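Guided by the hints, dock chains B, C and D onto chain A, whose structure is given.
Residue numbers (the working numbering), protein chains in the order written: chain A, 1 to 349; chain B, 1 to 349; chain C, 1 to 349; chain D, 1 to 349.
No wet-lab data here; the hints were simulated from the structure. Note that the structure is predicted; figures quoted are calculated from it, not measured. The reader is advised that the hints may include incorrect statements.
Repeated chains share a single entry, so a pair holds when one copy, or any two copies, can fit it.
Below, computed lysine to aspartate or glutamate pairings styled on DMTMM-like, alpha-carbon distance capped at 25 Å [as the list claims (entries may be wrong)]:
hint, residue 1, residue 2
1, K50, E215
2, K276, D79
3, K276, E54
4, K7, D304
5, K7, D172
6, K7, D29
7, K7, E75
8, K118, E145
9, K276, E61
10, K70, D8
11, K202, E156
12, K118, E94
13, K67, D29
14, K148, E216
15, K118, E108
16, K67, D79
Protein chains: 4
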Amino acid sequence: MIVIMAKDSTPQDLAEVQRRIENHGLAVDISQGVERTVVGVLGSIPPDLKDEMEVLLGVAEVIRVTKPYKLASREFHPDSSVVMVGDVAIGGSEPVVMAGPCSVEDEEQMVTTARAVKAAGARILRGGAFKPRTSPYSFRGMGIEGLKLLHLAKQETGLPIITEVMAPGDVDTVAQYADILQIGTRNMQNYMLLDEVGRIDKPVMVKRGFAAPYEEWLLAAEYVMSWGNRQVMLCERGIRAFEHYTRFTLDVAAIPVVKRLSHLPILADPSHSTGKWHLVTPVALAAIAAGAHGLLVEVHPNPDLAKCDGPQSLTFQNFSSLMDQVRAVVAALHQEPVGVPSPAHRRGP
Amino acid sequence: MIVIMAKDSTPQDLAEVQRRIENHGLAVDISQGVERTVVGVLGSIPPDLKDEMEVLLGVAEVIRVTKPYKLASREFHPDSSVVMVGDVAIGGSEPVVMAGPCSVEDEEQMVTTARAVKAAGARILRGGAFKPRTSPYSFRGMGIEGLKLLHLAKQETGLPIITEVMAPGDVDTVAQYADILQIGTRNMQNYMLLDEVGRIDKPVMVKRGFAAPYEEWLLAAEYVMSWGNRQVMLCERGIRAFEHYTRFTLDVAAIPVVKRLSHLPILADPSHSTGKWHLVTPVALAAIAAGAHGLLVEVHPNPDLAKCDGPQSLTFQNFSSLMDQVRAVVAALHQEPVGVPSPAHRRGP
Amino acid sequence: MIVIMAKDSTPQDLAEVQRRIENHGLAVDISQGVERTVVGVLGSIPPDLKDEMEVLLGVAEVIRVTKPYKLASREFHPDSSVVMVGDVAIGGSEPVVMAGPCSVEDEEQMVTTARAVKAAGARILRGGAFKPRTSPYSFRGMGIEGLKLLHLAKQETGLPIITEVMAPGDVDTVAQYADILQIGTRNMQNYMLLDEVGRIDKPVMVKRGFAAPYEEWLLAAEYVMSWGNRQVMLCERGIRAFEHYTRFTLDVAAIPVVKRLSHLPILADPSHSTGKWHLVTPVALAAIAAGAHGLLVEVHPNPDLAKCDGPQSLTFQNFSSLMDQVRAVVAALHQEPVGVPSPAHRRGP
Amino acid sequence: MIVIMAKDSTPQDLAEVQRRIENHGLAVDISQGVERTVVGVLGSIPPDLKDEMEVLLGVAEVIRVTKPYKLASREFHPDSSVVMVGDVAIGGSEPVVMAGPCSVEDEEQMVTTARAVKAAGARILRGGAFKPRTSPYSFRGMGIEGLKLLHLAKQETGLPIITEVMAPGDVDTVAQYADILQIGTRNMQNYMLLDEVGRIDKPVMVKRGFAAPYEEWLLAAEYVMSWGNRQVMLCERGIRAFEHYTRFTLDVAAIPVVKRLSHLPILADPSHSTGKWHLVTPVALAAIAAGAHGLLVEVHPNPDLAKCDGPQSLTFQNFSSLMDQVRAVVAALHQEPVGVPSPAHRRGP
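Chain A on its own, in the form it takes in the complex (with noise of 0.2 Å):
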């Protein structure tokens, strides 16, 4: 950390800093320069240091030097993370496409959407039985009979699930039957929610908020990891820009990014961010392309009677020529992955 004093800070103002750091049992380096003087603060930075320095007389700015998440980054952990959900690895070389409808809302529409899927090339079953809905009055899913019938299109076609849970206790239900539990974009500040997916055994998504800059996503999969489970996964989903043709705005740099802050598996959501079905393939095929680990599909076997995201869900038939593509565009990429980190701000080869 750097603490740079203000051109007309006092000695005292210096030494009141000084004094501070040291308080805290960290050494100090102070550099006079012409304009301004800056304080090197050296040893093991606590999380809140920065903001009590920041309030001291004479100080500029303070600037963080080291990353506040630890776990979740690639400085810590230098080689990227594979997460495995029974023999499906997430992370690798191979993106993984987990597809199914919103919401779970009958027997037949859960079974018939996971052979689909599961027949055009996905690997993992999506589908909520929990919904954050804008509206109190808009359908909020199947709950618990929900998770049932995922279970059940689980057994029928040997695909694992993945979905959302919303509440610290529900999260001991929903781990009963489901391989990897989603934090939704509207719950990655649901600090209560992060430490309870912490405590569990099971893979956890963390999608990322839609205001929420890389540092702050990042350290949401800090929370979970802090208490344990380093089966963490991020997922980008969509920014809220300006722009309302689309529901959000994909950042597809996010997933460069992403791969090179941190060792975690980063995928793709092409389905919430655009909000309009013609646009999923073309995002889909730009997240593959741009290094993601995977993606996250809205299909359903009839989107006019979907009863949420109709606008945004693929046919079977549009995900099934998706697939293909993705094949391609991944098979293009094949043994040269893109957007693997280089040596740290080395300009390559």
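The following block gives chains B, C and D in isolation, referenced to the frame of chain A:
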């Protein structure tokens, strides 16, 4: 609701749209324009009808005419609501200031702060016992011990208490101590939590999600109200924009907008939106001048030592000066309240 | 256009709305719903009628049914446009890569870069002679001398040139040297400049303003086209969002969206959007996979010494590797171009 | 400037950094921390040094300690600047209101409006002769005829005139008629235009680009000032955020921030930021309470018939009422000006 057909839609498409609408027991009015056919939907519109219509063949656009929230809307409840907290009226002509530290730290801090803010004119005491923190390694609050210290400060000063609740399972406990339960910005779409505070009989403050449009914010209030709890107030606390000099960007126009769209009281938080103590007073005065029903201000006996949010906390002296200025502005606007909705869409005097 | 009357509107309000519409020689279709009265406007709508209607007494909302741009729209021109630059076709099935340094610095830099990017497969040479710089104290380009060096590099390699024009008074001069005139992101709504490039007979690239919704961007293209110049192409170059790790946020969905709304070619600039060389390749591949008609890439013989944009410039070697990967992705998508608009609003095939 | 070396940087990397810095005639201070090596750069930093350093091998981060603008900064010019327009002082203790129609339409409109706003207390007359319009098909202003009508209204009332200039080639002409030249939000980074208004001897108002951080805005002012014209004032007019109920989002904190960072007068435009007449008064009062040196307000004799911006224009009566309230708030804050910078970084008094 209005359904606009695409230029290239067929008579079969139109017939299917009509059939679907009539299936819901609604009537249809078809207007054949030169450029487009427009279908008006007459009757009480179910919440998900828009989604259903949008995916039908031949539909170009679907436009909601009525707002998706009802209980929170001024159309439904034309008179402004006043929420009573003991003998403090929130939503009337006198703005109510809620002040106190970011987090409860110890008895002396709470009691001296409570006395100081009361002396300066605050009517409600704020203080965090459960703290949402971006990093898992930061101080997360004292929990129930913090609630007890808040209660002690209330006994000493008579000031009612506002404090944040973060998990559905904590609502009953927090409600035992708090006079107003606060839903923080990161939990504005934590629907399980909204459900839970909707079931109790205590006032609730719903802070705006930092990426929430007005409509989603009012729908969060609607969640609470739909369970029967009508004692809801709103708080503008800044949105996330591209500027990083301030922590967030206070949207001051939100105050008159909410007063027009809703009957609920609207307050403002100049501390979290700016993140810098020297911006708190001008932004607080701006909110009052724009017609806010109150303020939420962070005050600490010694901001340099605060366990959180020190940089944006006011000293007792600066808070007292803020209150003097607030009173002056309120007096200036006295009998001519600003921002009260004119008769809808009328320009008149 | 549709005019929705307010709940409390009077018959007089409705009559005035009708009178105003008919004054413009337009017809009216009135639909009396249970909740609202809706007025359809039939005929060719003048551009400012929406503004006029919105302020009338008793009007709740006015909705445009047709788009505000015409010449740039796919409705007006269903076939995709191809812009020819010499023998290079932009907008066809083969993506076109434009590459070169941020700014022209000297003859050797330009000629060696031109040769290197040509050898790697670039078809157009880029280079800035007039540079928009955030600070008045930064290097602002070589001006006309820079144009001459670009011309020299063109003579050496045969590569056509794209370069930015910043002022209406410079259009003729720049057009003497350039094969494509570029309108930069900061000038997307510099209407005097758009007028001027609309009057010449040279291809124009309109980069998206970094806070421009799709509609305003297409209206900027419409400005150029309305003066008679139909050789217009668009370039997504990143929007300004809350994330600061990257310079801007590339909106990859813009590519299929523009292909749906417009017939104009759409390219992408992975260099300016990311601001970091190690993100350029994955983001470039994403754009290609999403269906972009080309790329604009910054390349420099020695990025460490570049006079501007060094951090985001590729070395010759990294650019050559990018081109290999682009070719692989293009081949993968080969005969099945992604993102080509399906028949409007059809889920087919 | 501070250069932070990467963890894995080599002694050679450090030597190269040092060599480069010394090449510019600057001195170096190297601090070897436990975690990182930090290089302080001492001396007068060239504007592009940061870019140069960032791309060197082994460099993790480069931090500017001093601001990139100088003439516009309060550090350079500690006393607040007052810009005189005739006998009107902008930047002093008395806020100055500039009012008038969006666009000049005819003599009667201008003269009656000028008289009405003068009677209500406005000190400057605004009116657009050259209008930046999103669509090429909208009314773009009367041009020179409009300037003549503004001049006529000035002769009738004595009110100085502010009007927008959009092209470098028009600066001299506009300067013949206008007392203040306005740079619109879409031209804030039209550097050729900024250069040109920097060369004349007339006050200039630089409106904030709707996606411009404070630093870029102050650099736009720096452009003008670097040519010798020090009569510069700033105007906050709303930024583009995700909310679409209002046209833009007024960033009220910009007012005290600019007063801290700069010595230039700062005004606010409640009309363009909100886009709705019924929000103009509360937002205007907010800006005044936050310490704005003035307002820019759209007023029209008959907003229903305005050729542009009717929905956000005030009637004479509503403007007069706004002025009454502005005066009341100003009086309330009278001798205790808010937002005046405290001694830097001091919490006092």
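Inset, instruction - Give the relationship of K7 and D29 under a CA distance limit of 25 Å: within one copy only, between copies only, both, or neither. - result: Both: 18 Å inside a copy, 18 Å across copies.
Legend entry - Identical-chain pair category, K67 with D29, by Cα at 25 Å: both (20 Å within a copy, 24 Å between copies)
Legend entry - Copy assignment of K276 with E54, given that the CA separation must stay at most 25 Å: Between. Shortest inter-copy distance 10 Å satisfies the 25 Å Cα cut-off; intra-copy 45 Å does not.
Inset, instruction - Check K118 against E145 for me: Cα-Cα at most 25 Å, and say if that holds within a copy, between copies, both or neither. - result: The answer is within: 22 Å in one copy meets 25 Å, while 52 Å across copies does not.
Inset, instruction - Evaluate K276 and E61 at a C-alpha cut-off of 25 Å and name the case that applies: within, between, both or neither. - result: Classified as between; 12 Å across copies, 44 Å inside a copy.
Inset, instruction - Could you place K70 and D8 in one of the four classes (within, between, both, neither) given a Cα distance threshold of 25 Å? - result: between (36 Å within a copy, 17 Å between copies)
Inset, instruction - Indicate which option fits the pair K7, D172 if close means a Cα-Cα distance not exceeding 25 Å: within, between, both or neither. - result: neither (56 Å within a copy, 41 Å between copies)
Inset, instruction - Can you give me the call for K202 and E156, within, between, both or neither, at a CA distance of at most 25 Å? - result: within (22 Å within a copy, 48 Å between copies)
Legend entry - Intra- versus inter-subunit Cα pairing at 25 Å for K118 with E108: Within one copy only: 15 Å inside a chain, 57 Å across chains, cut-off 25 Å.
Inset, instruction - Evaluate K50 and E215 at a C-alpha cut-off of 25 Å and name the case that applies: within, between, both or neither. - result: Classified as both: same-chain Cα gap 16 Å, cross-chain 23 Å, threshold 25 Å.
Inset, instruction - At 25 Å max between alpha carbons, let me know whether K7 reaches D304 within a copy, between copies, both or neither. - result: between (65 Å within a copy, 20 Å between copies)
Inset, instruction - If the cutoff is 25 Å on CA atoms, where do K7 and E75 land: within, between, both or neither? Let me know, please. - result: between (35 Å within a copy, 9 Å between copies)
The structure is inconsistent with the numbered hints 5, 14, although it conforms to all the rest.
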